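Taken in order, the sequence shown gives residues 0 to 366; the numbers are from numbering that gives the first Met the number 0.
Heads up, a few of these hints could be off.
Taking CB as the label site, the calculated pair distances span [unchecked claim]:
| # | residue 1 | residue 2 | range |
| --- | --- | --- | --- |
| 1 | Ala341 | Asp121 | 38 to 48 Å |
| 2 | Asp329 | Ala128 | 55 to 65 Å |
| 3 | Asn66 | Arg273 | 45 to 55 Å |
Think of the hints as simulated: they come from the structure by calculation, not from any bench. Note that the structure is a prediction, hence the values are computed from the model and not measured. Note that CB positions come from ideal geometry on N, CA and C, so glycine has one too.
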Amino acid sequence: MNALIPWMERAARMALRGHGQAEPNPMVGCVILDSSGNFVAEGYHHRCGGAHAEVDALRHAGARARNGTAIVTLEPCNHHGRTGPCSQALLNAGVARVAYGCCDPNPKAAGGGDMLRAAGVDAFHLPCAAAERVTAPFLYRVRTGLPWVIAKWAQSADGRIATKPGEPRWISGPESRAMVHRERGRVDAILTGMGTVLTDDPLLTVREARASRTPVRVVWDPRLSIGVDRALVRTARETPTVVACTPEALAERSSHANMLRECGVEVRAVDGLRALLASLRTQCATLPAGDRTGASTVLVEAGAGLVRSLHAEGLINDVWVFTAPHTIGDAGPRSMAPMSAAALAGLPCVWHGTRGVDAVEVRRVGG
Numbered sequence: 000m001n002a003l004i005p006w007m008e009r010a011a012r013m014a015l016r017g018h019g020q021a022e023p024n025p026m027v028g029c030v031i032l033d034s035s036g037n038f039v040a041e042g043y044h045h046r047c048g049g050a051h052a053e054v055d056a057l058r059h060a061g062a063r064a065r066n067g068t069a070i071v072t073l074e075p076c077n078h079h080g081r082t083g084p085c086s087q088a089l090l091n092a093g094v095a096r097v098a099y100g101c102c103d104p105n106p107k108a109a110g111g112g113d114m115l116r117a118a119g120v121d122a123f124h125l126p127c128a129a130a131e132r133v134t135a136p137f138l139y140r141v142r143t144g145l146p147w148v149i150a151k152w153a154q155s156a157d158g159r160i161a162t163k164p165g166e167p168r169w170i171s172g173p174e175s176r177a178m179v180h181r182e183r184g185r186v187d188a189i190l191t192g193m194g195t196v197l198t199d200d201p202l203l204t205v206r207e208a209r210a211s212r213t214p215v216r217v218v219w220d221p222r223l224s225i226g227v228d229r230a231l232v233r234t235a236r237e238t239p240t241v242v243a244c245t246p247e248a249l250a251e252r253s254s255h256a257n258m259l260r261e262c263g264v265e266v267r268a269v270d271g272l273r274a275l276l277a278s279l280r281t282q283c284a285t286l287p288a289g290d291r292t293g294a295s296t297v298l299v300e301a302g303a304g305l306v307r308s309l310h311a312e313g314l315i316n317d318v319w320v321f322t323a324p325h326t327i328g329d330a331g332p333r334s335m336a337p338m339s340a341a342a343l344a345g346l347p348c349v350w351h352g353t354r355g356v357d358a359v360e361v362r363r364v365g366g
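Build out the structure end to end from the sequences listed, making use of the hints.
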């Protein structure tokens with residue numbers, strides 16, 4: 000194994016600290032070693048519009064970066080955006096070597112490696128699974144024009160997704176629910192379907208964690224049947240809410256659409272789920288100032304029907320599965336996983352651990 004791989008893995012862990020703040024930019028981490036290969040400093044891209052990971056790490060390294068090595072998860076950028084080119088910052092710092100885990104596919108920013116090599120720096124691509132995992136959402140957005148989609152669900156030890164009538168509604172424990180609320184506060188949109196709206200009447204807001212963002216709540220409602228008495232509609236003036244339907248439904252139910260708009264809901268007509276995600280990537284919600292912002296990450300909190308439809312169209316990137324230690328039995332509906340348990344277990348595991356008594360798995364479906 001290349002001796003720099005552990006440092007690249009460390010840089011990837013640093014990059015994850017920017018989740019929820021760096022987007023729509025990529026999450027990027029950087030580690031600086033001195034000329035003898037000793038650790039000097041590390042940094043990451045804290046927020047969109049702020050210093051990039053290389054600049055953050057170089058600030059901490061100071062003069063010790065000269066003749067050293069920079070290990071960065073994504074090829075240093077080579078353009079003047081909100082900040083200057085990272086490739087020039089590395090060159091100015093006197094770094095002798097630059098290893099990057101992924102090549103930048105963005106034509107506006109790519110070319111940093113070539114620029115550094117032309118200036119005499121030993122810049123090279125060092126493939127690393129950890130760097131590829133953390134950069135995958137950005138690469139996917141650039142390649143497809145779609146947001147990164149995370150589907151999550153909780154299930155019992157025997158694979159059931161709902162409790163028996165009269166029993167507490169929660170399958171997962173409070174620690175798992177807190178983890179979900181933290182993720183809600185890091186994404187741009189939360190997508191649900193009408194089955195969930197009718198069954199649970201959810202709010203889909205961030206209540207148990209500090210939020211980096213206020214996610215837009217999106218309901219896939221092909222027939223435009225959502226009632227104005229639903230919690231998502233009643234609170235639409237407080238939290239941005241989009242109801243997406245087919246063009247035919249909008250034409251047939253224009254008066255109902257107007258009622259929803261009067262409640263503060265944005266009604267949007269799209270030709271299916273792929274078109275809905277593409278529209279969210281382009282235009283997520285209307286902000287108070289009239290600005291438009293596109294979704295980088297969408298969290299799906301829905302029932303089996305919507306999750307399976309998204310999976311069938313290849314639109315799910317990650318799944319988060321929370322498995323409680325107790326069983327429910329035949330009275331509860333089976334897991335909403337869009338594939339068999341064996342197929343799910345065969346997907347690459349991005350992360351696994353526990354939250355309270357629940358087992359948690361994050362698996363990569365596509366991207």
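Now the hints, each set against the structure:
| no. | hint | verdict |
| --- | --- | --- |
| 1 | Ala341 / Asp121: 38 to 48 Å | 45 Å, holds |
| 2 | Asp329 / Ala128: 55 to 65 Å | 40 Å, violated |
| 3 | Asn66 / Arg273: 45 to 55 Å | 50 Å, holds |
Violated hint: 2 only; the structure is consistent with all others.
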